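Participant: Sequence:
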Amino acid sequence: MRRWASYTCFGAITMRLPIPKLAERHMHSPASLTCRKGVPTSTTAAVEMTYFQAINSALDLSLLRDPKTVLFGEDVSFGGVFRCSLGLAKKYGSKRVFDSPLSEQGIVGFAIGMAAVGWKPIAEVQFADYIFPAFDQIVNEAAKMRFRSGGQFSCGGLVVRSPCSAVGHGGLYHSQSVEGYFNHCAGVKIVMPSTPSEAKGLLLQCVEEEDPCIFFEPKLLYRSAVELVEPSYYTIPLGTGRIVREGKDVTIVTYGTQVAVASKAAQRAEKEGISVEVIDLRSLKPWDREMVAQSVRKTGRVIVTHEAPKTSGFGAELISSIVEDCFLSLEAPPKRVCGLDTPHPLHEQLYLPNEAKVYEAVKEVIAF
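Residue numbers (this note's numbering): 964 to 1331.
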């Protein structure tokens, strides 16, 4: 221990790095610290796709692009319960698209091992509610591999896909939003897209990332979200937010299914002369802190909304950061519109932060 401590201190001195900065080395790949944006490989006209079709397109292109990409999970070979992998087993064969036993810990553990030796495994956990048996594998193995080896080893290229959030009838075990549990974990990246085109570009980026990624897919969007999507290859850098609509009176920061909810509330507020800016974070770890800060400094009012429970949810982290960055610019206390601090009930309209609740929050911060 003394020898290790002396090496650590010597390294900090010789590299002119303060010890806290030295401790943060090997948390992520150096390449991931630079935003990279892919360029579509063709000029083919955009095609109308649903959310699940866009994910299928991304999986198809990933498998086509790199022979070391593999896709597996429960029922994946026949298309998956939400049909995201439909047709891929037939196209690429059973050695690259295959079913796994019903063991989330085994699925993720196997994926970590493959990633550690240079493969690009895309592992599906069938529902986010059942990701917890794999919690140890993600938090204590995947997230820490680069750090604990001093940057010598990693499981970059690992993507854990998982359908999440409410769908209308899921109840206790098929409706949870679990992103907050993983956001505390250094070394892993977290993504939750809100549209088909975002889902495709972000998933393709996750496959190319040199750090492990958790890719959450809101189930409600699989068939309800439809738009024109570029059929060729493109990526969207993680950590870059998207301004869905511009405004000058209130900022709403959100992600996933709540982007559409916030947009509808903003349209409703606009009829009363309230100009609302809506920001889609796209990725939660990393997240676009500068975009959020610039918007809040402009509007002076901010609302954060997500489906997950309010207490210790990602919204709490957002508001803490906003207060640190924008305290003197705030015209009203920041407000959260979130799920209830209860297990997810069958009565979803009572539980979920819907358009009416977000709209009421807009009126409250304006009236303050």
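Please keep in mind that the hints were generated in silico from the structure rather than gathered at the bench.
Since this is a predicted model, take the numbers as computed values, not measurements.
For glycine and all other residues, C-beta sits at the position ideal for the given N, C-alpha and C.
Honestly, I wouldn't trust all of these hints.
[Said to hold, decoys possible] With a Cα cut of at most 16 Å, we get these calculated EDC-like pairs of lysine to aspartate or glutamate:
id: 1; residue 1: K1054; residue 2: D1029
id: 2; residue 1: K1053; residue 2: D1023
id: 3; residue 1: K1054; residue 2: D1099
id: 4; residue 1: K1326; residue 2: E1235
id: 5; residue 1: K1326; residue 2: D1212
id: 6; residue 1: K1107; residue 2: E1173
id: 7; residue 1: K1261; residue 2: E1294
id: 8; residue 1: K1058; residue 2: D1023
id: 9; residue 1: K1211; residue 2: E1294
id: 10; residue 1: K1234; residue 2: E1318
id: 11; residue 1: K1261; residue 2: E1318
id: 12; residue 1: K1211; residue 2: E1173
id: 13; residue 1: K1234; residue 2: E1253
id: 14; residue 1: K1058; residue 2: E1037
id: 15; residue 1: K1031; residue 2: E1235
id: 16; residue 1: K1227; residue 2: E1294
[Stated by the list, open to error] FRET-style restraints, in silico, Cβ to Cβ:
id: 17; residue 1: H1310; residue 2: V1080; range: 43 to 51 Å
id: 18; residue 1: A1008; residue 2: R1186; range: 16 to 24 Å
id: 19; residue 1: S1187; residue 2: A1009; range: 42 to 50 Å
id: 20; residue 1: R1046; residue 2: G1076; range: 23 to 31 Å
id: 21; residue 1: P1096; residue 2: P1306; range: 17 to 25 Å
id: 22; residue 1: F1061; residue 2: S1292; range: 49 to 57 Å
id: 23; residue 1: K1326; residue 2: G1113; range: 51 to 59 Å
id: 24; residue 1: E1327; residue 2: E1209; range: 19 to 27 Å
id: 25; residue 1: E1327; residue 2: D1288; range: 34 to 42 Å
Participant: Taking the hints in turn, state whether each one holds.
Facilitator: Going down the list of hints, with the structure as the test:
no., hint, result
1, K1054 x D1029, "holds (14 Å)"
2, K1053 x D1023, "holds (11 Å)"
3, K1054 x D1099, "violated (33 Å)"
4, K1326 x E1235, "holds (10 Å)"
5, K1326 x D1212, "holds (11 Å)"
6, K1107 x E1173, "holds (13 Å)"
7, K1261 x E1294, "holds (11 Å)"
8, K1058 x D1023, "holds (15 Å)"
9, K1211 x E1294, "holds (12 Å)"
10, K1234 x E1318, "holds (14 Å)"
11, K1261 x E1318, "violated (24 Å)"
12, K1211 x E1173, "violated (38 Å)"
13, K1234 x E1253, "violated (29 Å)"
14, K1058 x E1037, "holds (15 Å)"
15, K1031 x E1235, "violated (54 Å)"
16, K1227 x E1294, "violated (23 Å)"
17, H1310 x V1080: 43 to 51 Å, "holds (48 Å)"
18, A1008 x R1186: 16 to 24 Å, "holds (23 Å)"
19, S1187 x A1009: 42 to 50 Å, "violated (19 Å)"
20, R1046 x G1076: 23 to 31 Å, "holds (28 Å)"
21, P1096 x P1306: 17 to 25 Å, "holds (18 Å)"
22, F1061 x S1292: 49 to 57 Å, "holds (53 Å)"
23, K1326 x G1113: 51 to 59 Å, "holds (53 Å)"
24, E1327 x E1209: 19 to 27 Å, "holds (22 Å)"
25, E1327 x D1288: 34 to 42 Å, "violated (22 Å)"
Figure legend: structure checked against the earlier numbered hints; hints not met, in rising order: 3, 11, 12, 13, 15, 16, 19, 25.
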